[in-house]
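Number of protein chains: 2
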Amino acid sequence: MDIEIDRESEVPLYRQVSAGIAELILADKLPPGHRLPAERRLARSLRVTRTTVVNAYLHLKAEGLIDAHVGRGTVVLPRRVPSAGVADVRPIPWHYFAADDLGDRPQRLFNEFVQRGASKGVIGFSAGIPGEESVPAETLASLAGQITRELGPRAFMPTPSEGLTELRATLADHLATHGLTCTAGNVVVTTGAEQAIDLLVRMLVARNDTVFVEEPTYAMALRLLRARGARLVGVPMDEEGMRTDDLETLLARFHPKLLYTGPTFQNPTGRVLSLERRLHLLDLAHRYQFPVVEDDVYSELRFSGTPVPSLAALDEHGYVVQVGSLSKVVAPGLRVGWAIAPLPVVRRLAAAKAATDLHTPTLNQWLAERFIRDGHLARHRRAVLRAHAARAALMDAALRHWAPDLVRWTLPEGGLSLWCVLPEDLPHDALMEECLRRGVTYLPGTLCAVDGASENGLRLTFGFPAEAAIDDGIARLMDAVRAATPSGEDRAAAELGTAAVV
Amino acid sequence: MDIEIDRESEVPLYRQVSAGIAELILADKLPPGHRLPAERRLARSLRVTRTTVVNAYLHLKAEGLIDAHVGRGTVVLPRRVPSAGVADVRPIPWHYFAADDLGDRPQRLFNEFVQRGASKGVIGFSAGIPGEESVPAETLASLAGQITRELGPRAFMPTPSEGLTELRATLADHLATHGLTCTAGNVVVTTGAEQAIDLLVRMLVARNDTVFVEEPTYAMALRLLRARGARLVGVPMDEEGMRTDDLETLLARFHPKLLYTGPTFQNPTGRVLSLERRLHLLDLAHRYQFPVVEDDVYSELRFSGTPVPSLAALDEHGYVVQVGSLSKVVAPGLRVGWAIAPLPVVRRLAAAKAATDLHTPTLNQWLAERFIRDGHLARHRRAVLRAHAARAALMDAALRHWAPDLVRWTLPEGGLSLWCVLPEDLPHDALMEECLRRGVTYLPGTLCAVDGASENGLRLTFGFPAEAAIDDGIARLMDAVRAATPSGEDRAAAELGTAAVV
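Chain order of the listed sequences is A and B.
If you're matching positions, the first sequence starts at 0 in numbering that gives the first Met the number 0 and goes up one per residue.
If you're matching positions, the second sequence starts at 0 in numbering that gives the first Met the number 0 and goes up one per residue.
Just so you know, these hints were derived from the structure itself, not from any lab.
Given the structure is predicted, the values throughout are model-derived calculations rather than measurements.
Among these hints, one or two may not hold up.
The list makes no distinction among identical chains, and a pair is therefore deemed to hold if it is satisfied within one copy or across any two copies.
The calculated lysine to any residue pairs, modelled on SDA-like cross-linking and capped at a C-alpha distance of 25 Å, are [unchecked claim]:
#1 60 with 304
#2 119 with 393
#3 60 with 446
#4 60 with 176
#5 256 with 304
#6 256 with 228
#7 256 with 205
#8 60 with 286
#9 256 with 225
#10 28 with 455
#11 256 with 343
#12 256 with 87
#13 256 with 275
#14 28 with 182
#15 119 with 93
#16 28 with 250
#17 28 with 128
#18 60 with 73
#19 60 with 276
#20 119 with 432
With the hints as constraints, model all of the structure from the sequences given.
Here it is, written out as structure tokens:
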């Protein structure tokens, strides 16, 4: 038989053989009833294994082109009418997805705008992560060498679901230096803080449960909670963070299953909840009996001002689960985070973690462990905080220089980004378009708004772009703000429109 | 003030200071109204920073022990009555968890028995993973060195949620050698195949949806599906895998939202679905319009017999999502897996992945990419398959030598484990106890049973324990089987009991 075989091709040999024979059959060179050569003989003539021919014949049989019976050999079948079998397979209805499918959200905005921060020529203020300049790559590389030499295969074998015992102990020691008294048993290691939030939401929140969050709040937490079917209540904020007086008022109306909060350098506003409000919040949690998830991923990044104890450090009654990570302080691609929780919560988190990804990769856990234990974290943090402070000051200066009058912001005392509030009537879509044109991105506050009633804010990450690009980026952004600002005439028309409707 | 400070302690300095002052107050050495020293002065005398004293005072204020006002200084407050505040905080009701909480399952069995496979002196047949002897630690270590040198900080920066572009392309090429035609765009990289299953279940299955699985099936998939509230229908199996005639009968009664199957070296039975049944299954999927999730993590581990094309390779209509991993062939602790899916599914999986853990760790994705691209996988696989074949033969020989008459098993043609079927009346709890006593573990088939109607089977992993321990382990296990087997008298009594009831 005249069949061409390409041994360099990615197409497996048996598919090449079956495709060749199918071609001959469909071209009527092998008519119905024609007996195909025995497998061993064809194999020899094509210089392939017998298995290859067996599989090729099985495939042709599956396609209804040939038939084989013991004693009768393999024969070409009469051609099927096209309406039968394969031809009338309808496309699969993949669009019937589950109601709480996490993919169920328009990704266009995120993909086309926010992620463009990483493209060439674009100055990205959108990512909430440190840039390459702040990643201790050499230390991590040398630790990786040390660990793999020392541990051999064990660096690639599983760890318990709750995390490597050594890392749990080292984290507990490390957090004690931040005033959080816990033991290794309170630690669950996760694939970034993101996963800790996901597991906690899955564990604690059912459809229609009320969850309190700050207004605005972390965009991805919003997405997890919305997909879960939670009823979200946004607690207003001011410069001192969540307004706990408003929280108390809301507690008279709703009983939350959970309060999710970022009290220190909150995402996206960068604000710090005052100590007085922290104590008020805890008092309310105790009185109204709701658990608190404290997102604490930014607290190590304070470069000025006085540290305030975390909610978990202040709480003595186990109401707070604290979520942390090395993504903001060390490296975002390492994917090592954690939850610090009371023991019954740890047990369930570990079981949930086992079902979702078994455990966080072993080498990464060891990298985190050695990085903290050997003092690299403390050293790296000092260096990186100096850099962040300088970048924040740079962005502040650029804003002073380029921003129009109505734009407001506060120089933060830590974290990676600065919250910049625009006039309320500045249209968001127009601003994004103008920014795309000028090659600059930010995180739109609209992604973080619980009910859209948030300030018209932008989160600008000073920690990510090349330091030298910050001034230029702010110039481009403020240029876009000016271009997107409605003219006096538009404003008058809009007001007239409103007046006419009222 | 007489306060002891231990600079080596894990307790932060401010907590040591506040605890020291609190002790003096509670011992009445500092009476109500006593004015505490100014922060700066106390800091100097204790040789701590002013911030430490500020925080210590804030903490004491929070505890209601002192009060501070500008101009009046810091004074000790009158002692609170114990009934107020902190003292009457009720414990938080952590037990109100969500209904589909993944932690909601007794873990005792798993923790106390299955995981004991890793303890000293115990011969573990329970883990479904290769042992340290089969992990290519040196190659992975040298690749890690290469990658970190070559990429610098980029080895620790984020990748897209759907995975590193280079790894997606390399995987698509690699899978083509297995007859699966796909492009990089069809690949979503996950933190192990486990996560791919989790994301697919979250995307496709809602509460009360019917899901078909083999009876028995992968224990962790069962757990994910049960937590999700799926109605599970177990399709019976025989030596050729899932009985597709029974599947067809069930399809007349139920419409599944999803069929989850492991056609090649199925977990836990190690069985391989015949080609004929694969084609029948696909035909049913096309006619009854249900998507198929093919768990293909073991197919690369065939050490004898003829390969059968995967469902994804046979399907030409995009009904099959294939899930794969490097955990079984390379290293379980690397946590790199994937899903191969039609594009609309890829988009949603990537969005879901972004919300759950952002992306799989960067260095691990590069390790996987280089390991496959540079030909290490092909070489390693050849070596490891020889070892697995030898181990399987060893276990088979040990069973022939030690197993009592009524125990049945089949020597598999690949995978990591062997399915061993015990007499139906062998009590499971007794067997586990006898095994614990003798230091040997296995995966109980009861963990894999959909409705408990499964064979009384044990999954015995020949790929995990030290090769030299296999014979001894089987001897211990069969000794335990004999000890747990009901005696003739017990049997007669049990039969009598049944007869009396009937």
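Each hint, compared with the structure:
1. For the identical chains of this complex, residue 60 and residue 304 are inter-copy neighbours only, at 20 Å across copies versus 75 Å inside a copy, given an alpha-carbon limit of 25 Å.
2. With identical chains, the CA atoms of residue 119 and residue 393 are at most 25 Å apart within one copy only, with a shortest distance of 22 Å there and 58 Å across copies.
3. For the identical chains of this complex, residue 60 and residue 446 are neighbours neither inside a copy (54 Å) nor across copies (38 Å), given an alpha-carbon limit of 25 Å.
4. In this assembly of identical chains, residue 60 and residue 176 lie within 25 Å of each other by CA distance solely across copies; the values are 21 Å between and 69 Å within a copy.
5. In this assembly of identical chains, residue 256 and residue 304 lie within 25 Å of each other by CA distance neither inside one copy nor across copies; the values are 34 Å within and 56 Å between.
6. In this homomeric assembly, residue 256 and residue 228 come within 25 Å of each other (Cα to Cα) both inside a single copy, at 13 Å, and across copies, at 21 Å.
7. In the homo-oligomer, the alpha carbons of residue 256 and residue 205 lie at most 25 Å apart both inside one protomer (9 Å) and across protomers (22 Å), since each shortest distance falls under that limit.
8. Proximity of residue 60 to residue 286 under the C-alpha cut-off of 25 Å is restricted to the inter-copy arrangement: shortest distance 19 Å between copies versus 71 Å within a copy.
9. Taking identical chains as interchangeable, the C-alpha atoms of residue 256 and residue 225 lie at most 25 Å apart whether they share a chain (14 Å) or sit on different chains (23 Å).
10. Taking the shortest Cα distances, residue 28 and residue 455 never come within 25 Å of each other, neither inside one copy (71 Å) nor across copies (54 Å).
11. Only within a single protomer do residue 256 and residue 343 lie at most 25 Å apart by alpha-carbon distance; the minimum there is 17 Å, versus 34 Å between protomers.
12. In this assembly of identical chains, the alpha carbons of residue 256 and residue 87 lie at most 25 Å apart only when taken from different copies (21 Å versus 50 Å within one copy).
13. For a Cα distance limit of 25 Å, the shortest separation of residue 256 from residue 275 inside one copy, 23 Å, qualifies, whereas the shortest one across copies, 52 Å, does not.
14. Taking the shortest Cα distances, residue 28 and residue 182 never come within 25 Å of each other, neither inside one copy (76 Å) nor across copies (32 Å).
15. With identical chains, the CA atoms of residue 119 and residue 93 are never at most 25 Å apart, being 35 Å at best within one copy and 48 Å at best between copies.
16. Taking the shortest Cα distances, residue 28 and residue 250 never come within 25 Å of each other, neither inside one copy (81 Å) nor across copies (41 Å).
17. Neither within a single protomer nor between protomers do residue 28 and residue 128 lie at most 25 Å apart by alpha-carbon distance, with minima of 63 Å and 50 Å respectively.
18. Taking the closest pair of Cα atoms, residue 60 and residue 73 come within 25 Å of each other only inside a single copy of the chain (9 Å); across copies the shortest separation is 91 Å, beyond that limit.
19. For the homomeric pair residue 60 and residue 276, the shortest alpha-carbon distance between copies (13 Å) is at most 25 Å, but the shortest distance inside one copy (73 Å) is not.
20. Taking the shortest alpha-carbon separations for residue 119 and residue 432, only the intra-copy value of 18 Å comes in at or below 25 Å, while the best inter-copy value is 63 Å.
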